[in-house]
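Colleague: Listed below, chain by chain, are the residues.
There are 2 protein chains.
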Amino acid sequence: MKKAYLAVSIVFSLVVLCLLGPARILRAQEKGSLSIMPLPAHAVLGEGEFPIDGNFGIALKGYKEPRLEKAQQRFLDTLSRETGIPLWREAILNAPDFIIQTAGPSAAVQQLGEDESYRLEISTTGVQLTASNPLGVLRGLQTFLQLVRVTPKSFSVPVVTIDDKPRFPWRGLLIDSGHRFVPISVIKHNLDGMEAVKLNVFHWRFADNQGFHVESKKFPLLQKKGSGGFYYSQDEVREIIAYAHDRGMRVVPEFDMPCHTTSWFLGYVELSSGQDPLRSSAIDPTRQSTYRFLSRFIGEMAALFPDSYFHAGGDECDSKEWEGNPRIQKFMRARAIKDGGTLQAVFTARIEKIIASQRKTMVGWDEVLRPDTPKDVVIQSWRGPESLAEAARNGYRGVLSCGYYIDLNQSAAEHYLVDPLGANAATLTSDQKARVLGGEATMWTDIVSHENMDNRVWPRTAAIAERLWSPQQVQDVDSMYQRLAIVSQKLGFYGLRHRLITDEMLERMSGEMNPEPLKVLAAVLQPPRLYQRQELRAFTDFTPLNRLDDAVPPESDTARQFNEIANRIASGKAIPQDWRQAREWLVLWRDNDAKLQPLLKRSFLTQDLAPVSQNLARVAEIGLQALDDLQGDRLISADARQRNIEFLRLSAKPQAVLLLMVAPSVELLVQAIRTQ
Amino acid sequence: MKKAYLAVSIVFSLVVLCLLGPARILRAQEKGSLSIMPLPAHAVLGEGEFPIDGNFGIALKGYKEPRLEKAQQRFLDTLSRETGIPLWREAILNAPDFIIQTAGPSAAVQQLGEDESYRLEISTTGVQLTASNPLGVLRGLQTFLQLVRVTPKSFSVPVVTIDDKPRFPWRGLLIDSGHRFVPISVIKHNLDGMEAVKLNVFHWRFADNQGFHVESKKFPLLQKKGSGGFYYSQDEVREIIAYAHDRGMRVVPEFDMPCHTTSWFLGYVELSSGQDPLRSSAIDPTRQSTYRFLSRFIGEMAALFPDSYFHAGGDECDSKEWEGNPRIQKFMRARAIKDGGTLQAVFTARIEKIIASQRKTMVGWDEVLRPDTPKDVVIQSWRGPESLAEAARNGYRGVLSCGYYIDLNQSAAEHYLVDPLGANAATLTSDQKARVLGGEATMWTDIVSHENMDNRVWPRTAAIAERLWSPQQVQDVDSMYQRLAIVSQKLGFYGLRHRLITDEMLERMSGEMNPEPLKVLAAVLQPPRLYQRQELRAFTDFTPLNRLDDAVPPESDTARQFNEIANRIASGKAIPQDWRQAREWLVLWRDNDAKLQPLLKRSFLTQDLAPVSQNLARVAEIGLQALDDLQGDRLISADARQRNIEFLRLSAKPQAVLLLMVAPSVELLVQAIRTQ
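For the protein sequence lines, the chains are A and B, in the order given.
Position 333 of the first sequence, counted from 1, bears residue number 333 in this note's numbering, the numbering being contiguous throughout.
In this note's numbering, each number is its position in the second sequence, counted from 1, plus 1000.
Each hint should be verified, as a subset may be incorrect.
Some chain B residues close to chain A (C-beta under 8 Å, calculated; not the full set) [as the list claims (entries may be wrong)]:
#: 1; residue: Leu1147
#: 2; residue: Thr1151
#: 3; residue: Pro1152
#: 4; residue: Gly1228
#: 5; residue: Arg1508
#: 6; residue: Phe1542
#: 7; residue: Arg1590
#: 8; residue: Lys1595
#: 9; residue: Pro1598
These are computed hints drawn from the structure, not numbers from a lab.
Bear in mind that the values here come from a model prediction, so they are computed numbers and not experimental data.
From the three backbone atoms N, C-alpha and C, an ideal C-beta is built for every residue, glycine too.
Turn these sequences into a full structure, and let the hints guide you.
Modeller: Below is the structure:
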């Protein structure tokens, strides 16, 4: 499901609902000292460490295939980047102290549910990685890379024995190349990031009303008319499939139908339901020619994508377009089809047959689930764990995406605590639970570009990856954030750009070499959550995404940390360092406005930030006064407090499409002051 | 010429000599308000600006070829990155306000001295770029991109008319893929950087004693035995040649012979002069089989590289290897060859004939110039403008590299003020001057890896590019540094990593997410200049280059700026802002040590920085005291002053293979205090 603006209010309430579902259990981490994500199923820490230096050597034993050799090479490249020690060729020549033992092959085309388990034994003198097939080796190598750290003696990994396997077999990331074209290079480094956190499904969506971005040889007008010149050639698609296969990932293509399909009609107007194809978004499900077209098209795409699953979309159909078309009305009346939803079911049944004839299993969004939907169709749920649990009860397999919409600027913690088997699924039988295959983070590109995509996807997707891989009881949010910071840095070494984007964009929008005061402001701002951005600014497909709400990460680390400190101060649990840190930040924020204002005037992209910066200064002043009052145990007048609280609440509201994230934390401080 | 350690002392004195040559004329810039590099030959600034927004449209007129279309697309990609406005497809569809008018084609294989001129006319309503061939268009597009800036109204370029052409026809960058293999991706983005600053020769060196890194199909043991598995396939070479051609650059290959060739002998021992080929670095110039081999090899490579020039090295031969070999001695006696130098001349003459038989012109380092060297051989000078001028007097064409050794950690200003026609060349006739073709920056990789290469090459190479492109009288160092900072930021938008590398490496070596105190220290340190690093640490080909002297840029901007302030304070020309800034920095440096010391202990890569950090704190204390004394016009005892000066000079010496660049500036302050 994408975020057609029509659906905002429904989506809003459903997303909130499914996010509140799982209880926020904050348990202490049993495996706390492994700073990796996802945490392994089982690990026993030993004493000491295995050093990594120029003598490091590696060897493949047992079953071999080119993919393993490439994996070994990439492992050495990454290890070299993590340490600065040139191991990429030397480690092959050195005596091996890292042995990779592979029992046998995995399936030629990666299958859902294949064994991904591995055993990684690290002693002070050697490393043994054992797996039944190359998939487990790939997972184990990533675990090792994440364990690398620098110590007073050398780079090293800790002595540990890890027995690991995933909780769910379907752990995906959707990248939406329909709304906006996403260059191959961006796809590739996101696949690198997916590999690092052990995701195994790249769900690649190619078309939407806005564009059709993959090459069809049978229907070339799809990309010729629908792509604006930017589409993936079939060779590039094969390149990405091979790239994903090398990293132990399946590629599931999605062609959303019968709606969100305006771009198809630019080349093939006869598919359209409407009189004016450019104002139609729905395929005409009543014509035989539609099915002849789709049969050939799906045949072509099913051959291009080797995966056993084929996603046919099916979400958010605007039935009114059909119900308002006299010809389609006539068709419906003649067949006693009572409404658009039922007409879509007729369409879905035909499409399912076409997909099945290609020996593939259909995947569809919630809406494809109807009483007579074939039982092997996999349901991808944007409506929430409820609908997923309901599907499982009715014999359907499903994948959760509700709660994993990483374009909506929610916190890593919010995503982390959504469990595909949480809330309503708790009452499922174990057979029914087994039908819940996992989940997918969804990177929709309505108002995200390939430029800032990395900073939306990472590092938060690592938290979702942990939810889908690690045991259900791994739920300590503090531990997650601690490890997320470390993994985020590692992902930078692996080539992801999420940590660089904000500064680059701040430099560009300000025209300054080092816009320090703008960075100070940006560090405590977030874009509004869920669908509020669209309510605050009119976005079209051509709106440049080059403002501060595009540049800042979805979650402010500084604001989160300040909030923790404010909580401790307000509840009387603060240590002296908390008071110092709070004061230091508040002084920085108070004094920042005077430095920032002249800079903001110089660029049309920063002028609207003037009141945001003023608010931060005033919020900080109130915070400093609150610290003084609390430390001096002073009483203030209820009136004065109320005025401050009102200002803080006003400041917490969106301004320039941004949220000042520290205002609520300062309110905590103010609320803690005693009144006269 | 590479930096075999043997040659250090000679090279040292020559480099110093050639750097002192050109007078340091600091003229005011006539075209000061264009913040671009290289400055154009002629520009007339107008009033107003041309805005860049979503309506921007571009069109090619006149002569067309695929290279121009690709250039237009890259231009739009870059413009989109510089502005965040998605123009990459839209600008082709919009009504064109930017017209590119090309008169005709350039040579199919780019030739030395082809017309690269262009005219760029920017008005408030449109842009016209005119050139006689695609090379001029490429240059003009880069000028436009560098002009883009953000204003209170929009992104825009200033109204200006530029008539531009290069001063020298040979403007190169050498990348040494002989000492260390440099991945294709690194080559590519350096070519992007070269394009941005209008360089036109990529000098690609493939082999040295340490490795042979390109595929020969005729002699496959060269790469099989000599490369450790890392070499450029011929397809990759062709890919790079095409990539360079698209950017208006020639690719001149270098195969250095007869010395620096140990890696050749791993596969073809019969080429070697010595009994033990692994201890031999010189090809045997006395055997007929050598010339049969080289004839076939050069034939293969001459076919692979379309450029008319072929570089055969010829530098730094150790004659003793020949003179100590009885068989070679016998050969020399029989032919009355009096020494190794003369024997090399015999070899060079044969090689020159082989190259000429491929219809190519030979290029060689200084040493190939002998009384009987054919007049069309091009001399690349590592010895200095003197030897270049001498060659020109004798009828040879030449290219200057002395003074442009960007691996030696000199300042941009030092490189900038070296002129191929400076010093001794001033007395040349205009015919002789025309034989000085230009220059080449040289990126040797003895102790530079592909990881930190960008931060060695950029941004300083832009200063060399300006020297080679812009009129000779463009010599204002202050203006150069101002523009260099802006261009450095632009180069970041174009994909170069030079501004990112230091922080990444500091994070890695410290193991910290944001090692702020280490950044403060790093910002005032530089690696020692010229060949001093090798004197201070034993480097082998396997030494990891992951320490602070690898991480920091060759030139500290902070130290340079502090030095300017200290100079103004010491000479009584400081403004209040200078005093404030000096004090702010000194306080930061003084207080940094206490924060940094605990961090340094945690990593084996930072432990040796403890005394460097202590020194910075003490230097800063002395500096703060000096500011107090100067502001209070206090007299101090000559003894106390002398003790401080001694400490400052000691602190200015290398420690942990690093130079504390602010110590001499603090000495300026101390020297300015009056004594009792």
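Colleague: A separate judgement is required for each hint: does it hold in the structure or not?
Modeller: Hint check:
{"no.": "1", "hint": "Leu1147", "result": "violated (13 Å)"}
{"no.": "2", "hint": "Thr1151", "result": "holds (7 Å)"}
{"no.": "3", "hint": "Pro1152", "result": "holds (6 Å)"}
{"no.": "4", "hint": "Gly1228", "result": "holds (4 Å)"}
{"no.": "5", "hint": "Arg1508", "result": "holds (6 Å)"}
{"no.": "6", "hint": "Phe1542", "result": "holds (6 Å)"}
{"no.": "7", "hint": "Arg1590", "result": "violated (18 Å)"}
{"no.": "8", "hint": "Lys1595", "result": "violated (13 Å)"}
{"no.": "9", "hint": "Pro1598", "result": "violated (12 Å)"}
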